[in-house]
Every structure is written in C-alpha cells, then in structure tokens.
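Number of protein chains: 2
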Amino acid sequence: MTDAWANAAGGERRVTAVTVGADLHLELRGPGLRTGLMDALREAVRTGRLTPGTRLPSSRTLAADLGLARNTVADAYAELVAEGWLTARQGSGTRVARRAEPRTKTAPGGPPARPVHRRPTHNLRAGTPDLGSFPRAEWLAASRRALTAAPNDAFDYGDQLGRVELRTVLADYLARTRGVYAAPERVVLCSGFVHGLSLMAQVLVARRGRAAGKAAGRAAGRAAGKGRAAVAVESYGLDFHRDILTAAGLRTPALALDELGTRTEELSSGPGGLRGVDAVLMTPAHQFPTGAALHPDRRAAVVDWARGAGGLILEDDYDGEFRYDRQPVGALQGLDPERVVYLGTASKSLAPGLRLAWMVLPRALVGEVIEAKGEVAAVPSAMDQLTLAEFISCGAYDRHVRSMRLRYRRRRDQLVEALAEHAPECRVTGISAGLHAVVELPPGTDERSMIEAAAWQGLAIQGLSGFRHPSVAPGRDALVIGYGAPTDSAWAGALDALCRVLP
Amino acid sequence: MTDAWANAAGGERRVTAVTVGADLHLELRGPGLRTGLMDALREAVRTGRLTPGTRLPSSRTLAADLGLARNTVADAYAELVAEGWLTARQGSGTRVARRAEPRTKTAPGGPPARPVHRRPTHNLRAGTPDLGSFPRAEWLAASRRALTAAPNDAFDYGDQLGRVELRTVLADYLARTRGVYAAPERVVLCSGFVHGLSLMAQVLVARRGRAAGKAAGRAAGRAAGKGRAAVAVESYGLDFHRDILTAAGLRTPALALDELGTRTEELSSGPGGLRGVDAVLMTPAHQFPTGAALHPDRRAAVVDWARGAGGLILEDDYDGEFRYDRQPVGALQGLDPERVVYLGTASKSLAPGLRLAWMVLPRALVGEVIEAKGEVAAVPSAMDQLTLAEFISCGAYDRHVRSMRLRYRRRRDQLVEALAEHAPECRVTGISAGLHAVVELPPGTDERSMIEAAAWQGLAIQGLSGFRHPSVAPGRDALVIGYGAPTDSAWAGALDALCRVLP
Chain A
1 MTDAWANAAG GERRVTAVTV GADLHLELRG PGLRTGLMDA LREAVRTGRL TPGTRLPSSR
61 TLAADLGLAR NTVADAYAEL VAEGWLTARQ GSGTRVARRA EPRTKTAPGG PPARPVHRRP
121 THNLRAGTPD LGSFPRAEWL AASRRALTAA PNDAFDYGDQ LGRVELRTVL ADYLARTRGV
181 YAAPERVVLC SGFVHGLSLM AQVLVARRGR AAGKAAGRAA GRAAGKGRAA VAVESYGLDF
241 HRDILTAAGL RTPALALDEL GTRTEELSSG PGGLRGVDAV LMTPAHQFPT GAALHPDRRA
301 AVVDWARGAG GLILEDDYDG EFRYDRQPVG ALQGLDPERV VYLGTASKSL APGLRLAWMV
361 LPRALVGEVI EAKGEVAAVP SAMDQLTLAE FISCGAYDRH VRSMRLRYRR RRDQLVEALA
421 EHAPECRVTG ISAGLHAVVE LPPGTDERSM IEAAAWQGLA IQGLSGFRHP SVAPGRDALV
481 IGYGAPTDSA WAGALDALCR VLP
Chain B
1 MTDAWANAAG GERRVTAVTV GADLHLELRG PGLRTGLMDA LREAVRTGRL TPGTRLPSSR
61 TLAADLGLAR NTVADAYAEL VAEGWLTARQ GSGTRVARRA EPRTKTAPGG PPARPVHRRP
121 THNLRAGTPD LGSFPRAEWL AASRRALTAA PNDAFDYGDQ LGRVELRTVL ADYLARTRGV
181 YAAPERVVLC SGFVHGLSLM AQVLVARRGR AAGKAAGRAA GRAAGKGRAA VAVESYGLDF
241 HRDILTAAGL RTPALALDEL GTRTEELSSG PGGLRGVDAV LMTPAHQFPT GAALHPDRRA
301 AVVDWARGAG GLILEDDYDG EFRYDRQPVG ALQGLDPERV VYLGTASKSL APGLRLAWMV
361 LPRALVGEVI EAKGEVAAVP SAMDQLTLAE FISCGAYDRH VRSMRLRYRR RRDQLVEALA
421 EHAPECRVTG ISAGLHAVVE LPPGTDERSM IEAAAWQGLA IQGLSGFRHP SVAPGRDALV
481 IGYGAPTDSA WAGALDALCR VLP
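From first to last, the protein sequence lines are chains A and B.
Position 84 of the first sequence, counted from 1, bears residue number 84 in our numbering, the numbering being contiguous throughout.
Position 270 of the second sequence, counted from 1, bears residue number 270 in our numbering, the numbering being contiguous throughout.
Treat the hints as calculated values from the structure; they're not laboratory data.
Be aware that one or more of the hints could be misleading.
Copies of one chain are not kept apart here, so a pair can be met inside one copy or by any two copies together.
What the hints assert, rightly or not - Okay, derived cross-link-like pairs now, EDC-like style, lysine to aspartate or glutamate, Cα gap no bigger than 16 Å in a straight line:
(1) Lys373 to Asp159
(2) Lys214 to Asp239
(3) Lys373 to Asp39
(4) Lys373 to Asp243
Isolated chain A (complex conformation) (with noise of 0.2 Å):
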C-alpha cells in the first residue's frame, strides 16, 4: 500500500479502488482488468475517497501492489488523464485532476447535486453517439402523449417480449428502413445489445446440449455435450462480445477479413474451413471496426452456409442506419429471416443509457429466446418503450437519424480532409459510414506511441490491435477513431488535436 492510498483512505479500510483492483485480480483474466481499475479510481475520486491534487503511486508501483502487468495500469492512467480525471506532467507524476472535485452532497428539495463527471478532454473513442445531440424535447414530448395514453396495465410486470406498442412500431420501421422481415411477433426488446447476445449464446448452448441428448440418449449425451457449442467471430470486433460468448460455455473461431468483409467461404466444411459451427455472429452493413461492407458474394455465401449447415447468423446491425456514399444496403436478415437473426439497438442512433435493442427472431427461436429470459425477465423500462414508441411513429425517430446522419457524415469528410493535409502518410480505410474510421499508420509508427502521444494531449483514441481476435496474426498499426462522441462545439478541438498528434 502507497502513502498516497493509505492517505485517501484515512483511518478506515475505504480502499475500494484497491479492494476492487484486487479482486479482479483474482477472478478475471484478459481485457476486464484495465476498465475495473479505471472505474475503481474514478469512483476513488468522484467520491472524495482520492483528493484534487493528491498524487498517485507509480504505474510500476501500484501494479506491484495490486499484481497487475504494468502496462495495465499505465494504460488506465493515460486514458483517465485523457478524460480529465488525471493529470500527468513530467517531472510531478500524475495527480488526481484540481477540477475533479468530489461530488457535492444534494440540497435537501433541491435537485440533486450536477455530478462531476468529467469527459476526455477530446474523446475520438469508437462506440459513443454524439450525446450532446441527444434530442431533449422532442422524447419529453413523446414520452408525455406516450404516457398519458398508455392504459393503467402498461406501467404493469411486461410480457416477456416487451410492450406490443414498440414491437409493432419497430417491426414497421424495419422493414421500411433496413429491408428486415419483422412482424411484432418476432421481435424481442432487450436491455441493450449485449443482453441480447447472451441470451443467444444461451439458446445455442442448450441447442447443442438437446442435440446431443436426443442423439445418444440421456447418459451418453452428457459426454457427447463436451463437443462445445462455437459461435464464429470476426477476427476483429469487440473483446467483451467474445467474453459473452467464451463465458456461456461457446468456443469462438475467427473467421479472417479483407477489404471485401469476412471471408464467409470459410465457414464451408471444406479444406481450411471452420468445423462444428452452430453460428456466425457478424457485422455485414459496416464490419466492426475495419469498416468493410460485406461483398454480395460473401452476403449470399454465409445465407446457403447457414442453409446447409443449419446454422445461425446473429447480425449485429449497430449503425446500419448511417451510411454516407449510398442508400444503406439491407439487412442480411431480409435474405432469410428464419436463419438470420437480426439485432438492432438505440445506443448508435439515440443514447447508450436508454439501455434498449431489439431482436428479430427466427419464428421458431421465438419461444427458446423467452425461455432464455426466464424468470429474470429483463425487459427494458415500460417508460422508454412506450416513449420510444410514440418517437418512432409521430416521425421523430426518422428526422433526428437523418440529422445526425448528416451531421457525422460531414465529421467524416472533415476527418478525411483534414488527415489529407496534416498526415498525408496516413490512410483512412472503410466505406463512409458509421460514427468512427480506421486510419492506417505508416510504417515505422506504431500505435502505443500514437496513443500515449495523444494522451497527453488530453485525446482519448484507440488502436486497431484492441480489437484483434486473439488467435489472430498482428496486423497493420492502425487507430480507430470514433468521430461520433464529440459535441458539435468540440469536434473541431478534437480533430486539430489529432492532426498535431500524427506523423
């Protein structure tokens, strides 16, 4: 234990910052250990528990205590000096940040206390809508002729699907604008695209172990089940969605990409081709996060896949609706929706905290994806659904996508022009669409330095190789950088202070 920690936590054992470091030590493995730390710190000053001004142990240090790899913690620092939690300057360490002050308690019949939380000065990270745009009004508006109509039973215990109003206005919008083959009937609400990926991964698991049962008969099943269930991924994508899949009992095989999407010929029983896959999960209108469209080949190819093999394909469509050079291509979804199963979310396209996606199902999941849910029954909030409902049908949902498809389109273009003139080495890769890019590095430059450049100039970005399969060859050094999070106000700072950060 350092002075500094020993200092924030008083008399008392208030370490929780370290207690948190600590156990994740123990329990988990892999890509967790980074965030947990984070959030263990900013939780440490966001409640006073670490003073401004207080300095921290050492990266080296704090690792030794807590067990941790070193470059886990230096990691986590620079990214909360980029987000203003931190600050690091040479030759003083790095400190709890002076304007972080601990979060005020609330006037009693006031409103609670504006917490201090503290955005990256510039955030360029993937996955984050521009919040700033979130449109205030006009969901309070739609929330109140949405509640003021509902029937009594609304603000009940939902069905498991979720409320018959956003099944049935989502299922429309669907098919209208992404080409998916929706009836409310098949429509599942979930408490974000995560959710409902592990209740996929649930369904498969029990697939494979009914499979295995019927098979060889109840007590031979049960060895026969040790052949895992395995959902193919691409070899680039999001860590905690293979965590999802890996923690459900399912293997994960990385399917390979090029400019031309996934390389679904290798799911083909073929020579060189995946074996024993229940199903695909996959990110054809703007693969995550290299950017390729998949090639209509490849679209059909994973569809006669699925066919013969009586797989699966769960389309993560998480920014279909933003697509720049074209009219959005479809859903995969609409070239067989029984084999297809489509997720779509509110996060991209509204806000991450309404904590709401939906599923389109296969008819005949329909009723293994309820039993999935069971009990718990985790449907988002009746408020949001009614809300969202009426948003979606009064015309709203459709004029805010098409303003922030404009307004991130013109960020694109920008970022484009702007790595043309400052980083001409620089390439940027992908089709135009989605809220972030693939800038290529040139060789020579890699991109550890670019990061830890960047975050001392207060700039929170991403490489490439966070998102690699791990079974997956390195590739080119590359950034991804996320042009949707910034507010209109700031996105001019962020990008200048990208191009100072390139070679």
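Once you've looked at the hints, dock chain B against the given chain A.
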C-alpha cells in the same frame, strides 16, 4: 393438434402457443408451466391467431396434446377467464372472449394503437400495486426537470452501480424512512428485485467456489466445491424467487414460520438447526405472504447467526413503507450493515414497469456484485434513474407513498369489515400492512374450490398453498387476497364479488 388450434394456425405453422407450451414442457418443471401457457394463449389471442369466439380444446385434450398435467391447463384457463381473455360457460366450453379483439394496426404517423390488453374483471392477486394511481403528471414533470438539467454523459453507458444522482438521493431516503445505513457507494441499482437476487445468488456461488479452492488447493477444490452453497428461505414465499436461487446452483432449505415470523433460531447450529447455510432470504418487515412482522428477538437472533457463522441476510423489503397500525419498524439492515443486503424496489411503491430496484450492500460485497453484473451491466434506463432521483428529491415520492398508504389502508379496513359481515367464519391474519392479506378458510372449505368459484365470477385470487415451499407439509387452507391491484373505481365491485364467493 385439435381443430381449434389448427384452425387458428391456418396453413403456416403459426401456433407458437403450442410450440412454447411444448418447449416449456421439455425444458422446465414446476410452477413456470402455467405462466408460460397463459402467456402463449394471451399472445395468440392478442395477435389474432386465436380469433374471438373460437372454442378451445377441453383442458383434458390440450393437456394431452402438450403433455401437461390437466390441472395446469385447467388453472391457466380459469385465470384467463378471470382476466377476461376467455369465457367459460356451462355447455358451451371455453372460448376466446368476444371483446378480446386482435390488436389493430398503427395508423401511420398516429400514436400507437391502444392495445387490447384485458385486465381481469376483478384482480385480487397479490403483488401488483394500483396502477391506475401511477402519478403520471408528477412523473412527467420530474422527467422534464431531470432530463433538461442532466449533463450529456447521463445518456451514455452508465457505470455499473447506476447513476450517482439516484444513488445519493436513495441513500438519504432509505436512511430517513427505513433506517437503512446507506451511502451512495454501497447502493447498486438493478432492473427489479429479481435481478438483485440473481446477482446475490451468483456472488454466493462464486464465494463458495473460492473458499473451497483456497482451503484445498485448486484440483481438490473442485471436488470440495460440490458441497453446494445454500440460501435458507422462508417456508412460504414466491416460487420464482426460490427458482432463481436453485437455477444458480444453490440449495434452498426452508425455515418454519409462526405468528412471530420466521423461526430464525433454526439457523443456529444446534440440534435440528440447518447446516452449511451461507445466507438467508427474508421479508422481516412483513412476511410474504403470511403477513407476520419478525419478532424483535428473532431479528436479533438472525443477526447473531450472521455474525457468528459469517452468513449474510438478504432482506427483501418489498413493502416496508406500507404499515397502517403504527410507524413501520426500521429495516433489519440497520442492525448490521456489514451482514445484511437490503433489497428494495419501486415495483410496489410506483410501478413494476419501471424495472427499477436497489440494493444496499455491505461494503465488502460491492466489488463482488459489480463483478457478477459483468459486461452485461444491466442497469435501469438512465431516463428513469434521473427521473426517480428528481421525483424523490422534490418530495413527490413521499407524497405518493403517503397517499397510497391511506388508500391501501382504507381497502384493508374495508376488506376486514366486509369479511366480518359476510364471511364471519373466515379469519384475516397478519399485521395491518402492505398490499395483501391472508384469509384463513373455515374447516371443510378448500382453497381449490374457492379459486374455481372465484374464476366463474371473473375474480382472480390465489391460494396460500401456491406459496408453500415444496419441503413443507400442507398447512391450513387460506386465500391470499391482494387489495392493491384494483383501481379505486373497481375496488368495491371486487370486494363484493369476493364476498359472494366466500363461504
């Protein structure tokens, strides 16, 4: 497959109802079957797959088709009759109710069509508050203030504990009204009580595994880990609470009950005591459903047990705000905040549709619960979290609870008076509190026949035996009457119908 079903299904295989029923049969056992079948039937009526007037197969035939016990189907039919989905007439069989029209389609641009959900003609089942009293205007006003004032990052992926605004306000509220020793950093927001309970189940299973691993080394630990963790439960309670614990791999031995509440002395390790119990799940303020308040000696005893045995108490304070004969007794948690996990919910005080509940944790558990939440990080909607924080801090929550307390108290008094007049042989037991009462039936009158008679009157009620732990011998026949669910205008009619049914 009977004619009615084939008829409703048309050419395509659309009988999800049957599929779901059959799947449940294959996958689940016990109390979930009836609910699953009811959900499937409701959905089939709602979506028009079963049209008004259609005659359903007899319960005997459908039971045979689905491989269910005939009682399960008969019970489901009876409840759906009570809810107004089906009609049952002597000589005409069970049919889809005429007024339960299929859902109409949303007019483009217009608000979503008002769904044709049918409440029971009279619903006197326990567990639902008066949804007609949900304070829509005050909620919307709080929502407007909260969403207008919120920082942008309130709409982002939240932290795993939940929004600090709500945790802060709740900590104050729970300290003030329930004597809970709370601090914002110990409060964890969940999507309903059941979510909180399943997190605690995970934590307990993980702890047992770790302890076994530590004691005996890694390999031996796995074998030793087979001594399953256990949560003692009250001998009457909700079956799906027990199911959650069981599904997580926990044993759930039962503690006996008497008029002084749960016999917590059975936890002690003496002769006849339960052994190897890691935690106990209790409703000390108002035992659900039998209605006792835990005697002070037993409150002390359970805390002593927890300290001595290193156990945890899971305090389900579902209706602690509703006591009518005196000031509510403070939460057990106040006696030892490091041994008691306090679980509260907005489902009774406001509405279940919010999917919003809270835990106040021993400090040492915060990290473990965050770990159990994992990447799925189910937190309630940011909109609702911010709104509830504002709703509490502006005083609207206190006003609402006060007003509902008066309303429920009046209903309970009327229930007691009406039974004294019309059914003097029935006895209302339990303290004057909450949203339900237990009505003991006179000898020679059985629950089952009362429930069936009630269904024919369009009245949904429950028997006490449905809450009995499977290991406990049957007790006296009694009904559990929930007086919370009817609206004010429906209450008198519901009470009349009940008096007509009772002996």
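Hints, verified against the model:
Taking CA atoms no more than 16 Å apart as the test, Lys373 paired with Asp159 passes inside one copy only; the shortest distance there is 11 Å, against 23 Å between copies. Taking identical chains as interchangeable, the C-alpha atoms of Lys214 and Asp239 are never at most 16 Å apart, the minima being 34 Å within one chain and 30 Å between chains. In the homo-oligomer, the alpha carbons of Lys373 and Asp39 lie at most 16 Å apart only across protomers (14 Å), although the nearest pairing inside one protomer, at 28 Å, exceeds that limit. Taking identical chains as interchangeable, the C-alpha atoms of Lys373 and Asp243 lie at most 16 Å apart only when they sit on different chains, with a minimum of 14 Å there against 19 Å within one chain.
In summary, the one numbered hint that this structure violates is 2.
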